[in-house]
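J.: Sequence:
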Amino acid sequence: VVLAHRFWKKLGADQNVIGSALTLNGRRFTVVGVAPASFTGTDVGVGPDLWVPMSMRGWVMPANDWKENRRALMLNVIGRLRPGVSIEQAQAQLKTIARQLEQAYPEFNKERSVSLVPLEKAKSESLGGPGNENGLRNVSILFLAAAGSILLIACANVANLLLARATTRQREMAIRLSLGAGRGRIIRQLLTESLLLALLGGLGGVVLAYWLGDLLLALMPPTPVPLHLDAQPDGRVLLFALLLALASGVIFGIAPAWQTSRSNLTQELRERATSNAPGRWHLRNLLVVAQIGGSLLLLIGSGLFLKAFHTAQAIKPGFRAENLALLSFDLHLAGYDQARAKQVMRELLEQVRSTPQVRSADLGQSIPLGFGGMGRTVFAEERPSNAEGNRKFANVSEVTPGYFGTMAIPLLRGRAFLDRDCEQAMPRVAIVNEAMAREFWPGQDALGRRFHFFQGAPVEVVAIVQNVKLFSLGEDATWIVYLPMNTQPQGGVTMFIHTAAAPGLMLGEAHRMLRRFDSHIPITYEKTVEKHLAFALWPSWMGAVLLGAFGVLALVLASMGVYGVMAYTVNQRTRELGIRMALGAQTHQVLALVLQQGMTLAAIGLGIGLLLALGCTRLLGALLYGVNPSDPVVFCGVTAILAVAAFAACYFPARRAVKIDPVVALRFE
Numbered sequence: 005v006v007l008a009h010r011f012w013k014k015l016g017a018d019q020n021v022i023g024s025a026l027t028l029n030g031r032r033f034t035v036v037g038v039a040p041a042s043f044t045g046t047d048v049g050v051g052p053d054l055w056v057p058m059s060m061r062g063w064v065m066p067a068n069d070w071k072e073n074r075r076a077l078m079l080n081v082i083g084r085l086r087p088g089v090s091i092e093q094a095q096a097q098l099k100t101i102a103r104q105l106e107q108a109y110p111e112f113n114k115e116r117s118v119s120l121v122p123l124e125k126a127k128s129e130s131l132g133g134p135g136n137e138n139g140l141r142n143v144s145i146l147f148l149a150a151a152g153s154i155l156l157i158a159c160a161n162v163a164n165l166l167l168a169r170a171t172t173r174q175r176e177m178a179i180r181l182s183l184g185a186g187r188g189r190i191i192r193q194l195l196t197e198s199l200l201l202a203l204l205g206g207l208g209g210v211v212l213a214y215w216l217g218d219l220l221l222a223l224m225p226p227t228p229v230p231l232h233l234d235a236q237p238d239g240r241v242l243l244f245a246l247l248l249a250l251a252s253g254v255i256f257g258i259a260p261a262w263q264t265s266r267s268n269l270t271q272e273l274r275e276r277a278t279s280n281a282p283g284r285w286h287l288r289n290l291l292v293v294a295q296i297g298g299s300l301l302l303l304i305g306s307g308l309f310l311k312a313f314h315t316a317q318a319i320k321p322g323f324r325a326e327n328l329a330l331l332s333f334d335l336h337l338a339g340y341d342q343a344r345a346k347q348v349m350r351e352l353l354e355q356v357r358s359t360p361q362v363r364s365a366d367l368g369q370s371i372p373l374g375f376g377g378m379g380r381t382v383f384a385e386e387r388p389s390n391a392e393g394n395r396k397f398a399n400v401s402e403v404t405p406g407y408f409g410t411m412a413i414p415l416l417r418g419r420a421f422l423d424r425d426c427e428q429a430m431p432r433v434a435i436v437n438e439a440m441a442r443e444f445w446p447g448q449d450a451l452g453r454r455f456h457f458f459q460g461a462p463v464e465v466v467a468i469v470q471n472v473k474l475f476s477l478g479e480d481a482t483w484i485v486y487l488p489m490n491t492q493p494q495g496g497v498t499m500f501i502h503t504a505a506a507p508g509l510m511l512g513e514a515h516r517m518l519r520r521f522d523s524h525i526p527i528t529y530e531k532t533v534e535k536h537l538a539f540a541l542w543p544s545w546m547g548a549v550l551l552g553a554f555g556v557l558a559l560v561l562a563s564m565g566v567y568g569v570m571a572y573t574v575n576q577r578t579r580e581l582g583i584r585m586a587l588g589a590q591t592h593q594v595l596a597l598v599l600q601q602g603m604t605l606a607a608i609g610l611g612i613g614l615l616l617a618l619g620c621t622r623l624l625g626a627l628l629y630g631v632n633p634s635d636p637v638v639f640c641g642v643t644a645i646l647a648v649a650a651f652a653a654c655y656f657p658a659r660r661a662v663k664i665d666p667v668v669a670l671r672f673e
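Residues in the sequence shown are numbered consecutively from 5, following the working numbering.
The hints are simulated quantities; they were obtained by calculation from the structure and are not laboratory data.
Where hints are given, some of them may not hold.
Distance condition first, Cα-Cα at most 30 Å in a straight line; then the derived DSSO-like pairs of lysine-lysine [what the hints assert, rightly or not]:
(1) Lys71 with Lys114
(2) Lys396 with Lys114
(3) Lys99 with Lys396
(4) Lys14 with Lys99
(5) Lys346 with Lys71
(6) Lys99 with Lys71
(7) Lys320 with Lys473
(8) Lys346 with Lys320
(9) Lys125 with Lys114
(10) Lys473 with Lys71
(11) Lys396 with Lys473
(12) Lys535 with Lys320
(13) Lys125 with Lys71
(14) Lys473 with Lys125
(15) Lys396 with Lys125
(16) Lys346 with Lys473
(17) Lys535 with Lys473
(18) Lys114 with Lys99
(19) Lys346 with Lys14
Restraint ranges, calculated between C-beta atoms of paired labels, are given here [as the list claims (entries may be wrong)]:
(20) Gly23 with Trp215: 22 to 30 Å
(21) Trp215 with Gly45: 42 to 50 Å
(22) Ala412 with Gly512: 16 to 24 Å
Built from N, CA and C at the ideal position, the CB exists for glycine as well.
Using the sequences and the hints, build the whole thing.
T.: Dropping the structure here:
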């Protein structure tokens, strides 16, 4: 075997591991290598612990040795293209081979072909089937855009501070220029200061990223299949952070540096009295408007995700969520053949059902809202296999007769499976969900209809059941075919245990019962359904938490930006305000004057932010569970919150302005 680098470290990182023995499913293997840390397999997030030669699969799992089975369709081939060969050329050559196989083995390969997909695309699809790469890309773009918005808001805040500082240093720089200092030297000095500030901020961000990466993974609930995700920054991330910090320092430091380097002593003294007049529009004001607009966009996004999370919690999964426990195990991995596996499953069910706390217990092939079941192609019996719309894809799950009662999945029409249905080596009856019944036989009664899998025997529909959520709470109804379980299907089986109360306690008892049968039977997953549903809610919860954190941070930064500009404006207008009060202006008039200036900026920023939000939130539609991307409650509520924050940020500097002593103000410089 070849060990994954992560697994090798878990075993102690022995430098002399090559040649050592390792027992796998009761079989003795020799370690011949350790993969580099950079290689974790070809699937996203699901990295194997070790690799076994394909020729030895039957030795490890004799019950699942499908190398000689031409009906087995779960094998992928990975290869490198020769130099100068395009994907299209290779695809054409492979299709030729596929046609030859179809002619040589028509019973197994009729109407089958091959598809050549770039590895990166295949890796993106591996988490959820074709098309999932778009969802992953959209989520990545969403969080990258949110982080970029925070960066721009923070940089605008820093630029405002630098502009304010530059204004206070204009006399100093004017004197330097009059004494012979060059503008280039002044600009270099000020840019160096802003670059140093940006690099220190970037360093702090990288340190925070190392800590937050582990925290995010720690918040992820246990999954039905162990995931191996790496959230730690690597060399590429560090280089990107360095370049971003340098770019931020230059872009947002150049305006203050340029403004300061243009200082003229005579002009500076002449313009000092008018540079902060209320009618003059400054770059500082533009930056404040941008901060408020960007903050509103982020806050609306976080509000939509919070509402989506609340909505997702109320979505009915279509099956029982209370007092239900899950125990998944795989008898084939322990070396059981089909006959022995069937016996163990029956005896284990009898023991669990005889427990006083258990109301019912049944077996199923797949876990809803886990990683689904096995997908197979279905064909309606009354239509030719190659007819338009007859070749469809459905998820298949084998279940025991009482499964639907245990799961509280309503039987809409027809009958449940009987014990005699499970005695058939090949299934003759099936139960389909209402989505498949409605869409596969439109305008017809699906009950009694017959269909078949690829080159399989006809199967009759004996019942129609309610739809359940199979992959995610926000999905459209997925086609599901339920078949009677004869023995353990490939990939293991899950026991669903409905208890009178405290399903967690019964889960532990079922665990011990299985261990008494055979301590070597691997238990792959055990959870109460309530805890299992936390996995289904995790994406919307994490989106709400992350965007909520971004939104709060944006709100704080925008409030600080407004406060800073207004405090600076009041400071610069102290003499003017003192003259107004000396000439008889009332306190409320001065207060309104200052508030008007700040709230005008806030109103413009809110207007721009609303327009941006109306356009951008439409892109979030696929990521929101049952929430209108233009939800008026979220838009109005978030706008009101940001308006109140902006008012508070304007009020305190304005309040300080009305407390100015006119005599002191007239002497203010």
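J.: So, against the hints stated earlier in the document, which numbers end up violated here?
T.: 4, 8, 10, 19, 20, 21
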